[in-house]
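J.: Chain order of the listed sequences is A and B.
Take the first sequence: its position 169, counted from the start at 1, is 239 in our numbering, and no numbers get skipped.
Take the second sequence: its position 148, counted from the start at 1, is 446 in our numbering, and no numbers get skipped.
One or more of the hints may lead you astray.
Where chain A lies over chain B, by a calculated footprint (3+ residues, C-beta under 8 Å) [stated by the list, open to error]: (1) 481-490; (2) 638-644; (3) 658-665; (4) 686-693.
Interface residues of chain A toward chain B, partial, derived using beta-carbon atoms under 10 Å [stated by the list, open to error]: (5) Arg-176; (6) Leu-203; (7) Asn-224; (8) Thr-232; (9) Ala-252; (10) Tyr-256; (11) Ser-263; (12) Gly-264; (13) Gln-278; (14) Phe-279.
Read the hints as simulated data drawn from the structure, not as lab findings.
Values in this document were obtained by computation on a predicted structure and should not be read as measured data.
All C-beta atoms in this analysis are idealised placements derived from N, C-alpha and C, irrespective of residue type, glycine included.
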Amino acid sequence: MNDNPEVRSVPSDFANLDRRSFLKTGLGGALFLGTVSVTAGLSGCGSTPAGRISAVGTRMDASYEFRFLTPDDIQLFEALLPAMIGPGLPEQPHARRMAIAGTIERIDAGIHNFGAANQKELRRLFDLLNFGLTRVTIARVWSSWPNVTAEEANAFLERWRTSGIGLFNNGYIALTKISNVAFYGYEDFWHLSGYPGPPQWAVDALPQFQNA
Amino acid sequence: MQLKDRIAQGLESGWKVTDGATLTENRTLEADVVVIGTGAGGGTTAEILAKSGLSVILVEEGRLYYQKDFKMDELSAYASLYQEGMSRVTKDGAIAILQGRCVGGSTTVNWTSSFRTPDATLNYWAERFGLDALAPDAMAPWFDGREQRHNMEPWAVKPNVNNDILRQGCEQLGYSWQVIPRNVKGCWNLGYCGVGCPTNAKQGALLTTVPGALDNDAHLIHGLRADKLVMNQDRVDHLQASAMAADGITPSGVTVTLKARHFVAAASAIGTPGLLLRSDIPDPHNRIGKRSFIHPVNACVAEMPEKVEPFYGAPQSIYSDHFNFSGGVDGPVGYKLEVPPLHPAMSSGVIPGHGDIQINTMARLPWMNSVIALLRDGFHPDSPGGTIGLRDDGSPYLDYPVTDYLWDGLRRAFHTMAEIQFAAGAKRVRLMHLDSDWYTTLADAKAAIDQLPMELHRVRLFTAHQMGGCGMGANPEESVVNGFGEHHHVGNLSVHDASIFPTSIGANPQLSVYALSARNSTRLANRLKT
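The task is simple: from the sequences and hints, build the whole structure.
T.: Rendered as structure tokens:
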């Protein structure tokens, strides 16, 4: 994995992003993301943001720099998204990989804007799902995430949705919201909800869209 | 068409506006009054004080965004314009909190509904909290004045289909309904109020009172977080504040000390109690952060036979108060009925689900209507509200228990919403509840509403209206400020935002905040000038 602690400690990296790219990549957040206050007591190298991942050997666009998600988190979402989005993902392998990778990037960008308190709650949730012992005992997912099928991921989501334990419902809401918002909210997938986008006549008439 | 941008012109003309991210060294500034927050309360206060000739510094934690940034895009707007990137929730995660975080505060992202404080609410405040001076007749001129200042008028254009479904359902059932007054001028009826008005039609603080203050030499510092009010004996001596980096999230390490004769907290019903709790403010009766109210919201969606296109058109133009005060002001909880706009990100986040069911639901978005119920909390002993507390890092949270009294109201509201949607011709209706199916008949929906568990997390709950936490009242033992927003114990501290409401309002609160702030700022200006 690509440890890159410097990335986090240099605020000028953020300052260097011009506003357009900041606004473009910033995900609107998990909309009402649930917090999960399980203390799994987990820590270690898994909690370092993935930074820039080489395009070679990964599915990611190397131009994106992860600021929150770790390599383990990325594998978690690679396993969950096929169940989350289901038939909304393209079937063609390359397009499918790109759709998943882009959604994970927008999840990361969104979480960056959540602020420290909600990031801490998400870190706990993701660590709990990534750590083998708690993955098996709490999520009841037997394989490590890269080996989890879409059917198994779906079964896990269903267990947490229908659980009588509020904490698991809350975890379900957190995972589905950040995924749904990052996917359905993105322009390339608006057509799946029949949303044509902002009215073209207004876009044509408004100054902020002109010299783009 | 309004294509002249007030903010761009003002910045060009030399307004005193400082981006906290550009500060490279600590500094101390001084003014007659420091106003913390630039939303409905702070903007109004700053304009009135600045026009009276007082020097004013306006402090805003969020950043300055205006027309050039408002591109009708959900993802970028939620990330930049909302608290915690739209991820703010109550302490247990069960209630999602929609709240602005930018210059103009929530008025920059609200859906423009502009209601006077209901008479029943003002009368209840007079009777219960000794606030006789806020009786409806006394407040009327302040509502008049603010309605003019913000161009508030009942929406004269035909409602969009999403709103018209609420009207039709109410008509069919004999429930009363009315047209919503909106604070817009030359509105294009696009439907993007919630992501920053792209046409400069919305007359929120961003385009009215904040420019009004800046035209009168006020100094706006955005990207600056108010950390702590520091006392010297019985008065606030200064405000300590932290500049944020250009990402708007990370403190840069630069601090600003703001000295003033008077301080006005207008940082919202979560931010202001948080600020006061972090500070050395006397609170002998332990009232700061108590009685927080939120108009708890539940929701139903319906699939209609004809296209609704709920993403287009003025988002809120019809409402029903049929059930708001019908049980008496302090009887079983009442609720106001409205509709929300539905864009893809918002909808996919609000409708709980995943996989095939989710994509099949989302595919019907153009035919979807939603109705929401806003519960009028705080008028009954079994609705004591929530509490604002501080996390280890000093940031505020809202702990809001949902009592049986409120669950009863939420269940009744589900019944009413389903009735209205079927009466308006819905093919099927679904509750925003983890266990809800789509129901194709009213009988099925009502049976489900009676059986489904009314439990945290399973029922999806929201709030867009945060109120209370620094309640006003005549008795210092049960309130934080008096009826003019003046702190009971600290002579040079006032609170001018929704946190002074001793209960919820029973209507979208922006006009209540504008009017009370105008009234209290006019008095404050007179006080400070003599």
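J.: Confirm or reject each hint.
T.: For each hint, the structure was consulted:
| no. | hint | verdict |
| --- | --- | --- |
| 1 | 481-490 | holds (count 3) |
| 2 | 638-644 | holds (count 4) |
| 3 | 658-665 | holds (count 5) |
| 4 | 686-693 | holds (count 3) |
| 5 | Arg-176 | 7 Å, holds |
| 6 | Leu-203 | 24 Å, violated |
| 7 | Asn-224 | 6 Å, holds |
| 8 | Thr-232 | 8 Å, holds |
| 9 | Ala-252 | 8 Å, holds |
| 10 | Tyr-256 | 7 Å, holds |
| 11 | Ser-263 | 4 Å, holds |
| 12 | Gly-264 | 4 Å, holds |
| 13 | Gln-278 | 5 Å, holds |
| 14 | Phe-279 | 7 Å, holds |
In this structure, the one hint that does not hold is number 6.
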